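Given these sequences and hints, build the entire structure.
Going down the list, the protein sequences come from chains W and G.
The first sequence runs contiguously to residue 723 in the working numbering.
The second sequence runs contiguously to residue 228 in the working numbering.
FYI, nobody ran anything at the bench for these hints, they're computed from the structure.
Careful, some of the hints might be misleading.
To be verified - Label pairs and their computed distance ranges (CB to CB):
1) W/H615 / G/S227: 56 to 62 Å
2) G/A23 / W/S318: 36 to 42 Å
3) G/G197 / W/F604: 56 to 62 Å
4) W/F705 / G/E79: 15 to 21 Å
5) W/P685 / G/G138: 52 to 58 Å
6) G/S134 / W/P685: 54 to 60 Å
7) W/F705 / G/S227: 45 to 51 Å
8) W/P685 / G/Q147: 47 to 53 Å
9) W/H615 / G/E146: 17 to 23 Å
10) G/R14 / W/F705: 33 to 39 Å
Claimed, not checked - Calculated from the model, a selection of chain W residues having no Cβ within reach of chain G, i.e. all distances over 12 Å:
11) G395
12) T504
13) P715
As the list claims (entries may be wrong) - These stretches of chain G come out as covered by chain W in the derived footprint (C-beta under 8 Å, 3 or more residues):
14) 54-66
15) 70-84
16) 89-98
17) 108-121
Bear in mind the structure is a predicted one, so any value in this text is a computation, not a measurement.
Glycine included, every Cβ here is placed at the ideal spot set by N, Cα and C.
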Amino acid sequence: MSGMNRLVVSIARTHVLARLRQTLVGVFGVAIGVGFSVMMASIMEGSQDDFVRQLVDSLPHISVTDERREPPRQPADQAFDAAEIHGLTTKQLRPGIKNPYAIMAALEGWLPGAVAPSVQAKAVIRFAGRDTAASVTGIDPKREPDVSKLATQIRDGSLDALYKSSNAIILGSGLAKKAGARIGNSVVVTAGTGRTISATVVAISHAGVTQIDDNTSYVLIKTGQILAGQTGLVNELRVKAHDVMQARAVAARIEAETGYKATSWQEAHEDLLSAFQMRNFIMYTVVSAILMVASFGTYNIISTITHEKTRDIAIMKSLGFPSYVVRQIFVVESMMIGITGLLLGWLLGYLMSYGMAQIEFKSPFMDATHLPIIYAPAHYAIAGTVALIASVIAGFFPARKAAALQPVDIIRGAS
Amino acid sequence: MSALVEARGLRRVLGGEVPAILIDGIDMDVRRDEFLAITGPSGSGKSSLLYLLGLLDVPSAGEVTIDGRATSKLNEEARARLRLETLGFVFQFHFLLPEFSVLENVALPMRALGRLSDAAIAARSMDLLVSLGLGEHAHKRPEQMSGGQRQRVAIARALANDPKLVLADEPTGNLDTASSAQVLGILRAMCGPGSGKSVVVVTHDLGIAEQADRRLNIVDGKVSA
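Here it is in structure tokens:
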């Protein structure tokens with residue numbers, strides 16, 4: 309540090325220490341601003357990440373279904389420039405994915421992840437005279453652990469138990485509760501096609517997301533095909549990508565290669581992610597507002613110091629201190645308040661986040677027991693940077709005013 | 004040998020609905036090694052002249068040349084630098100920085116100039132204080148000292164960068180007789196043949212003026228015969 313810089317820091321330090329009470333008010337203002345900003349960001353992003361993680365873990369990262377992004381053109385449309393088509397009837401049965409195992413084999417050649425087949429069907433589960441609507445997913449228990457966390461989400465029983473009975477079924481925890489069924493009970497499953505089977509409950513799964521646990525059940529893929537009334541039907545390929553954030557790009561490639569609609573988890577929950585973006589925007593706006601309010605405290609203190617120090621500024625300038633040095637003195641004072649405040653704020657933010665993480669919490673939608681908090685360096689960096697910039701700006705205006713003082717005006721007035 | 008300070012056609016007018024003429028066409032010199040007293044009645048413009056000579060104020064017209072260097076075209080930063088290197092100021096009020104010790108106050112111009120090491124600055128500051136009889140007060144705060152002592156500290160600070168010209172504006176205005184005599188004695192002793200220093204004192208005290216090598220009387224912003 310040069311001699312002048314050391315002098316600037318020395319004068320600035322003397323000024324702020326001479327007004328310790330005012331300085332502490334400013335420091336605590338910045339600290340509280342930074343602390344609450346860090347805590348808010350930790351809670352908001354923590355809850356968001358936790359929600360997204362559970363959502364992503366509960367569903368396939370990519371779902372390849374037997375649909376097309378655009379409806380296929382009719383042969384007459386392809387043959388002629390203009391065609392009028394009458395009397396078309398839609399297919400009664402789902403078309404299914406053609407040659408699903410060949411497609412899976414092709415995907416496994418390049419896919420950064422794993423793929424498993426499934427059959428989706430809507431059904432009503434009857435137990436003890438009570439009907440409960442459910443989504444039935446036919447799965448391959450050998451491949452399923454590669455594409456979902458279902459195996460780890462089984463609370464009672466196991467995934468392999470699907471093989472133990474001719475018609476075995478795993479019920480979501482909420483669904484089992486609604487139906488009143490337990491392991492070992494025999495339930496009647498009636499599919500939308502009208503086909504009915506009697507199935508034995510062999511396990512209860514719990515994803516932690518109410519919407520999934522209340523509606524989903526799992527059977528062997530063959531059982532699913534029976535319910536759908538189509539032997540060999542596979543109407544969904546479930547893909548898990550190694551990098552969950554690459555799901556959108558992988559889905560686009562799958563769709564381009566197979567022609568089937570491939571929906572990434574991001575696309576499936578676009579509205580939710582947009583809501584999170586909006587929520588984050590609001591959060592950072594509020595956080596910035598908190599820090600701006602804190603910076604007004606700093607502005608007030610530096611303004612007061614420059615006002616009180618008018619005579620000192622005049623004498624320094626009369627001695628030959630350049631204006632920019634006078635400006636630096638007050639900006640450095642402001643930075644001292646800002647830096648001390650942000651260091652204290654970081655500590656406060658960490659402690660408050662830690663404290664929040666200890667609070668027990670019950671959500672009707674999730675089964676988290678504590679507030680999910682994330683400790684991200686980015687939160688500390690953003691809050692610190694905004695606080696520091698706000699402090700510099702808060703100090704700059706009074707500093708500029710101080711530097712513009714003409715010493716002769718003050719000296720003439722004093723004498 | 005040329006004069007240390009030359010002022011030619013110096014004029015200072017304060018703007019406003021009714022412009023006030025503070026200095027009205029003054030030509031004057033400050034010679035090397037001389038003790039010059041500027042006298043005149045209150046409101047005559049003697050302090051305004053001192054501020055113009057000390058580059059604290061900008062003339063409305065005319066030129067101030069210090070040690071051969073014309074100053075009218077200099078920007079504020081260059082004027083500040085010239086003040087720091089060449090001039091020392093003593094005001095009626097001591098204008099010491101209250102949060103700093105006496106030693107730190109004296110060191111301030113040297114630290115701003117940045118030519119000496121920290122150790123050399125501390126040593127020179129202490130030497131100056133000792134030479135003015137303030138060695139034992141070096142670590143006191145200004146408020147712990149008497150008016151005369153504070154003014155001597157202000158003189159030590161004015162001498163810190165070994166200026167060629169010391170400008171004093173009513174330096175004994177707030178002091179008792181004994182302190183006034185002491186301060187005047189110090190100012191008088193610092194200039195003389197071969198000293199390399201000139202002192203300009205603004206005063207309405209004729210006793211001080213009588214001790215000067217030369218006296219310049221100002222009336223209504225003009226040099227009076």
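> Given a hinted range of 15 to 21 Å, is it respected by the beta-carbon distance of W/F705 and G/E79?
Replying inline: Holds - the Cβ-Cβ distance for W/F705 and G/E79, about 20 Å, lies within 15 to 21 Å.
>> Minimum C-beta separation from W/P715 to chain G exceeding 12 Å: can you confirm that?
In response: violated (6 Å)
> Lying within 47 to 53 Å: is that true of the beta-carbon distance W/P685 to G/Q147?
Replying inline: holds (49 Å)
>> Does the beta carbon distance between G/S134 and W/P685 stay inside 54 to 60 Å, or does it fall outside?
In response: Between G/S134 and W/P685, where Cβ atoms are some 57 Å apart, the hint holds.
> Are at least 3 residues of the stretch 89-98 of chain G within less than 8 Å of chain W when you compare beta carbons?
Replying inline: holds (count 6)
>> If we take the beta carbon of W/G395, is the closest beta carbon in chain G still more than 12 Å away?
In response: Given a closest Cβ separation of 91 Å, the condition holds.
> Falls inside 33 to 39 Å, the C-beta gap from G/R14 to W/F705?
Replying inline: This hint holds: roughly 35 Å between Cβ atoms.
>> Between the stretch 70-84 of chain G and chain W, are there enough contacts, at least three residues with CB-CB distance under 8 Å, for the coverage claim to hold?
In response: Since three or more residues must qualify, the claim that chain W covers the stretch 70-84 of chain G holds, with 4 doing so at under 8 Å.
> Taking the beta carbons of W/F705 and G/S227, is their distance inside 45 to 51 Å?
Replying inline: holds (46 Å)
> W/T504 clear of chain G by more than 12 Å, beta carbon to beta carbon?
Replying inline: About 91 Å separates W/T504 from the closest Cβ of chain G, which puts it past 12 Å; holds.
> Within 56 to 62 Å or not, the Cβ separation of G/G197 and W/F604?
Replying inline: Distance hint for G/G197, W/F604 holds at roughly 59 Å.
> Taking a Cβ-Cβ distance under 8 Å as contact, does the stretch 108-121 of chain G have three or more residues in contact with chain W?
Replying inline: Per the Cβ count (7), the hint holds.
When each numbered hint is compared with the structure, violations occur for hints 1 and 13.
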